[in-house]
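Visitor: Chain by chain, the residues run as shown.
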Amino acid sequence: MKLTLHVWRQKDAKSKGKFAVYQANDILEDMSFLEMLDVVNEELIAKGEEPIAFDHDCREGICGCCSLYINGRAHGPKRGITACQLHMRSFKDGDTIFIEPWRARPFPVIKDLIVDRTALDRIIQAGGYISARIGSAQDANAILIGHDQAEASMDAAACIGCGACVAACKNASAMLFVSAKVSHLALLPQGLPERESRVLNMVAQMDKEGFGACTNTGACEAECPKEIKITNIARLNREFLRATVI
Amino acid sequence: MGWFFRTFYSTIGKKLIMSLTGLFLCSFLLVHLTGNFQLFKDDGGEAFNHYSEFMSTNILIRILEIGLFLGFALHMTEAFWLYFLNKRARPVAYAKNQASENSTLISRTMIWSGSIVLVFLLVHLKSFFFDHRIIGSELTMYQGVVQAFQDPLYSWFYVLAMVLLGFHLNHGFQSAFQTLGLNHKKYTPLIKTVGLLFSILVPLGYITMPLYFLFTK
Ligand code: HEM
Ligand code: FES
Numbered sequence: 001m002k003l004t005l006h007v008w009r010q011k012d013a014k015s016k017g018k019f020a021v022y023q024a025n026d027i028l029e030d031m032s033f034l035e036m037l038d039v040v041n042e043e044l045i046a047k048g049e050e051p052i053a054f055d056h057d058c059r060e061g062i063c064g065c066c067s068l069y070i071n072g073r074a075h076g077p078k079r080g081i082t083a084c085q086l087h088m089r090s091f092k093d094g095d096t097i098f099i100e101p102w103r104a105r106p107f108p109v110i111k112d113l114i115v116d117r118t119a120l121d122r123i124i125q126a127g128g129y130i131s132a133r134i135g136s137a138q139d140a141n142a143i144l145i146g147h148d149q150a151e152a153s154m155d156a157a158a159c160i161g162c163g164a165c166v167a168a169c170k171n172a173s174a175m176l177f178v179s180a181k182v183s184h185l186a187l188l189p190q191g192l193p194e195r196e197s198r199v200l201n202m203v204a205q206m207d208k209e210g211f212g213a214c215t216n217t218g219a220c221e222a223e224c225p226k227e228i229k230i231t232n233i234a235r236l237n238r239e240f241l242r243a244t245v246i
Numbered sequence: 247m248g249w250f251f252r253t254f255y256s257t258i259g260k261k262l263i264m265s266l267t268g269l270f271l272c273s274f275l276l277v278h279l280t281g282n283f284q285l286f287k288d289d290g291g292e293a294f295n296h297y298s299e300f301m302s303t304n305i306l307i308r309i310l311e312i313g314l315f316l317g318f319a320l321h322m323t324e325a326f327w328l329y330f331l332n333k334r335a336r337p338v339a340y341a342k343n344q345a346s347e348n349s350t351l352i353s354r355t356m357i358w359s360g361s362i363v364l365v366f367l368l369v370h371l372k373s374f375f376f377d378h379r380i381i382g383s384e385l386t387m388y389q390g391v392v393q394a395f396q397d398p399l400y401s402w403f404y405v406l407a408m409v410l411l412g413f414h415l416n417h418g419f420q421s422a423f424q425t426l427g428l429n430h431k432k433y434t435p436l437i438k439t440v441g442l443l444f445s446i447l448v449p450l451g452y453i454t455m456p457l458y459f460l461f462t463k
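Chains as they are written, first to last, in my numbering: chain A, 1 to 246; chain B, 247 to 463.
Pulled out of the complex, with its shape left as it was, chain A reads as follows:
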């Protein structure tokens, strides 16, 4: 298949970027979206031009690196997948595809389609961990955790920190990310000793980074490749209230 790509090109964080138009020929529908970009890049390199810079690592939907805003959607038109899991069969021959980086003040563009997402790392550093003495591994059943509790925690822990929630939210809010990180620890006994300080510090860092506030539009839930639910945001609000009042 043949495609017309409008790709955001930006030399570095300080330069002004703009869209460049490329023709992608000989694209097979079994290729992943990133493989399609690889093909385009091979051609650019052969012509002596600068290849398109984009983030990627695992290419199987587990690392969260591939941050592409494809045709107006975070990770493209399909639900519940990352850009690397998107296949060209989701497009038609002759389609025009817009490819943009995540847009948010806390995610400055580093080059082309790559943005700096260390703001999310700093939120984790503010409290998204447990402080435990590292000894030999404990017996797996030493602390009993109810089934539903464990499931809810694991659902939240599925967050890969890709930032699609921020990218899709009209307010560039990181609430779904923060709520997932707060939830998976708040739901487990190991997370309880730091329960209050964690949520207060992470929310403070989230605000400091300049992410927007949640208006409950639900765009994050719809675009999350791991389908994390906004019930986690309700839990974050609850944890925040609880930590404030207690």
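By construction, these hints were calculated from the structure, which means they are not laboratory data. Incorrect hints may have been included.
[Claimed, not checked] Computed spacing ranges between beta-carbons, pair by pair: (1) Ile357/B to Asp12/A: 31 to 37 Å; (2) Asp26/A to Leu447/B: 56 to 62 Å; (3) Phe330/B to Ile110/A: 57 to 63 Å; (4) Leu457/B to Met154/A: 51 to 57 Å; (5) Ile110/A to Trp358/B: 49 to 55 Å; (6) Lys78/A to Trp402/B: 40 to 46 Å; (7) Thr355/B to Asp26/A: 55 to 61 Å; (8) Pro193/A to Leu310/B: 27 to 33 Å.
Glycine is no exception: its CB is placed at the ideal position from the N, C-alpha and C atoms.
For chain A, the structure is supplied; the task is to place chain B with the ligands on it using the hints.
Guide: Here is chain B with the ligands on its own, set in the frame of chain A:
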């Protein structure tokens, strides 16, 4: 006190204020509506005038009125504050964005539905609060209402504002509970149903008034 200001300075704290004041305003909408239904009593406005006299002289009501004013003021201050914070968080817009694939138009335009309700509120206060209670008028409250609603422009603007209030409540009512941390499969379906009914029935109730006077008097 530091913790208090820190809490309400945070994005979640601001939203908490929006949700609490929003729900408080919802309760006001209900009380105001039921009181005003006395307009339909076929007694030349006697019951309504009596009621409006009571509302403007009773000391308890006057105190609650200050609370109501504060509720509106807080709700709107936080609304605009958050709006600008949220705008700032995305300095570069997407060239192509398909927001309709992941969210409803109503949920994305709360600031616009709210702002039109605000304009309505100012017009409404001018005709039924300022002119009657501050300046004073020789018309009774009932006569004032009848006169205002005989103007088609006034009445249709009223209708439009109520439709937008309906949109605002359609998203706002259930959203307030999410903001308060109340989202559970046990009761959230109920909240959503009540919110939907509230957002249709309350504005509809208000709409009957201008239309009644526009078409029957
Ligand atoms: C009778 C009048 C009003 C009622 C009953 C009302 C009710 C509500 C409720 C229940 C919410 C949901 C709060 C939440 O999501 O936690 C809300 C949100 C909102 N209201 Fe109002 N409101 C009214 C008037 C206004 C006015 C005059 C404005 C003017 C600007 C406004 C602007 C907003 C905005 C922007 C939001 C969304 C805030 C956000 O999600 O962050 N509202 N309203
Ligand atoms: S490259 Fe790892 S999730 Fe896409």
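Visitor: Evaluate each hint against the coordinates.
Guide: Verification of the supplied hints:
At roughly 35 Å, the beta carbons of Ile357/B and Asp12/A sit within the given window of 31 to 37 Å. At about 59 Å, the CB distance of Asp26/A to Leu447/B agrees with the hint of 56 to 62 Å. Separation of Phe330/B from Ile110/A is about 27 Å and departs from the stated range, judged on CB atoms against 57 to 63 Å. Remark: the range hint 51 to 57 Å for Leu457/B to Met154/A is upheld by a beta-carbon distance near 55 Å.
Separated by about 35 Å at the C-beta atoms, Ile110/A and Trp358/B break the suggested range of 49 to 55 Å. Between Lys78/A and Trp402/B the C-beta distance comes to about 44 Å, which sits within the given range of 40 to 46 Å. A hinted range of 55 to 61 Å is violated for the C-beta pair Thr355/B and Asp26/A, which are about 44 Å apart. Hint check: Pro193/A to Leu310/B, Cβ distance near 44 Å, so the stated range 27 to 33 Å is violated.
In this structure, the earlier hints numbered 3, 5, 7, 8 are contradicted, and the remaining ones agree with it.
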